[in-house]
Amino acid sequence: MTKSSWALALVVAVGLAFPAAGVSAQRGGTLNMIAWEGYTQPQWVKPFEKNTGCTVHAKYAGSSDEMVTLMRSGGGNQYDMVSASGDASLRLIYGKDVQAIDPNKIPDYKNFGPAFKAPPNNTIGGKHYGLSLQWGPNTLLYNTKLVKPAPTSWAAIYSPKYKGKVTVPDNPIQIADAALYLMKTQPSLGIKDPYELNSSQFTATINLLKKQKPLIKKYWALASDEIDLFKNGDAVIGASWPYQTNTLIAAKAPVKDLVPKEGATGWLDTWMVSAHTKNLDCAYKWLSWISTPKVQAEQAVYFGETPVNSKACPFMNKLAKGSCATYHANAPLKYFKQIHFWKTPIANCGNGKNDCMDYTKWQQAWTQLKG
Amino acid sequence: MAAGLDAAEGVKRDRPGARRRLGGALWRRPWLKGLSLLSPPVLAFTLVYVAALVALFISAFWTVNPFTSELIHHWTLDNFRTLWDEPAYRTVAIRTISIAAAVTITDALIAFPFAYYMARVASRRTRGFLFVLVLLPLWASYLARVYAWRLILNSDGLLNWSLHKLGLPPANIAYSNTAMWIVFSYIWLPFMILPVYAALERIPHSYIEASRDLGARGGRTLRTVILPLALPGVVAGSIFTFSLTLGDYITPVLIGGASSQFIGNVVYDSVNQSSNLPFGAAFAVVPVVVMGAYLMIARRLGAFEAL
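Protein chains in written order, with the working numbering: chain A, 1 to 371; chain B, 1001 to 1307.
For reference, chain A alone in the conformation it holds in the complex (with noise of 0.2 Å):
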């Protein structure tokens, strides 16, 4: 090289550097963030870094639980943002460990759809404590081959007609489903919220999966573990996700899933804020780019969930087409009236009353259930 092109390449090298390192200083950050895996991809984190300057660090966490764990570890302010469950949220709100956020700084939060926009399991008295995500139901999946006729309750896995071949997941939250069905079955039990059981309620919800555990082949932990039990003719029919189906049906398998007349349980994810956040700033950001309609239906079709931005259909069809309706994007507000989606059990359940089991009881009961 000649003395004049090293100097041309010194110039061209600062020229690059400075502007870079001026937009890092001036708006940039990192935010440390607690996520499910497929929840910070980098189809949209690095948009997001370049548009906004600030850098994600993310961490994945295999449960809400250890959601919750890590959140508090370090004396809570290690991480800016968990994307977390319903089962977390309130444990988070409660627990002081996340803040109040101002939705309407949030350009999408118009476009909500209605059901997500003041959810119970991330709104308080008012008062929102993060941005609802995505969701998805807990459905009820079957062998078309050799379930007959096609269930339409959730009768079909507390009957001993499928002895040995039902599967349901190994998660205390699983509680609901079957409180769910006591609520619609038995009225006299005065469920009126599955999440809500008092200590009668709770005993004869747990006696329903004390009668129902000798027709269990497997509580299945991982997704793909359900996929296995109905893929080889282990499990004929059990509770399930959305994922699970497609990628049954993808491979050919004869099944088929339903939210059952009782209705069902559901996830609702939120993007939570750490009380101890030092990025508000780019917290927002985070929050207004994931809420995006193209983000939404990114994230969406990657993970196999709904997004809860009403305008993200058009997108999703071009990802892949016709997942906005598999994926009831665009059902009417009838359908989610029929989801109850979780929430962390707590003792105070809005009766001025402590008496309704809290988390602990569950994870007890489920562990002494399976035992």
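No lab work stands behind these hints, which were simulated from the structure alone. Beta carbons: idealized from backbone N, C-alpha and C, even for Gly. None of the hints are false.
25 Å max Cα-Cα, derived DSS-like pairs, lysine-lysine:
1. A/Lys-96 / A/Lys-353
2. A/Lys-145 / B/Lys-1165
3. A/Lys-46 / A/Lys-311
4. B/Lys-1165 / A/Lys-231
5. A/Lys-117 / A/Lys-294
6. A/Lys-46 / A/Lys-285
Part of the chain B face toward chain A, derived, beta carbon under 10 Å:
7. Thr-1082
8. Tyr-1089
9. Asn-1154
10. Gly-1257
Given the coordinates of chain A, work out where chain B should sit on it, guided by the hints.
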């Protein structure tokens, strides 16, 4: 400058002397040699291993605030009381110990004839080949081998396919405790074969000849000469198969059915799901106690000489 050089040379000259003196001191006092050789590993062992066990044991007497998951450093026997009072935990402990025992017996029964053949019948070449056969599975990932068994035992798996070809009814053992017993027995078999082989190989041929000379038939020689001499090897192998099964929690998740929780699974759930480390610690004390008792019996039976 000159003084500095001098001093340096002085150090140089001094060094072999010091080394020799140290060597002499160690030679005169053998305990000093033993101490200096042993203290680093013993120190590491105490710090890393014993300290961890003690920490585990201490935390078993604490509790957790159910809502905030914070540790409450207040001494209580509550965790142990729950373990004792709640029948589900007893069931889990009994299941874990029984399957570990069943796996150990199965492995001993399979390993003995195999090791006997290897040690006393097979030619040198065959023996080498059999060694490779025993050790080869250990090179593959544990998870890969467990998943392979899942493919074999499935409703539509290799086992039922073979049974169908033979005109037999299908075996419905996928995702059950029977499946766990089969998979554990397979996975830990090499750990039984090797010590039994070592014990059998050590029996001098002259003992067996003497037994024959005294008129004992094959069965009697086996019962009164070979078995008692091989027993420490079997017990040594059983320490591995028993403790490895006792501590496992992956195979129950992948191969087990609706009632297949092991102690390890409950510990995992209480730490990971309920953030209740103290309860997990309390339950983890159970296999430690069981293994302690087991090792004491094993020592009586001479297993430690066979290791």
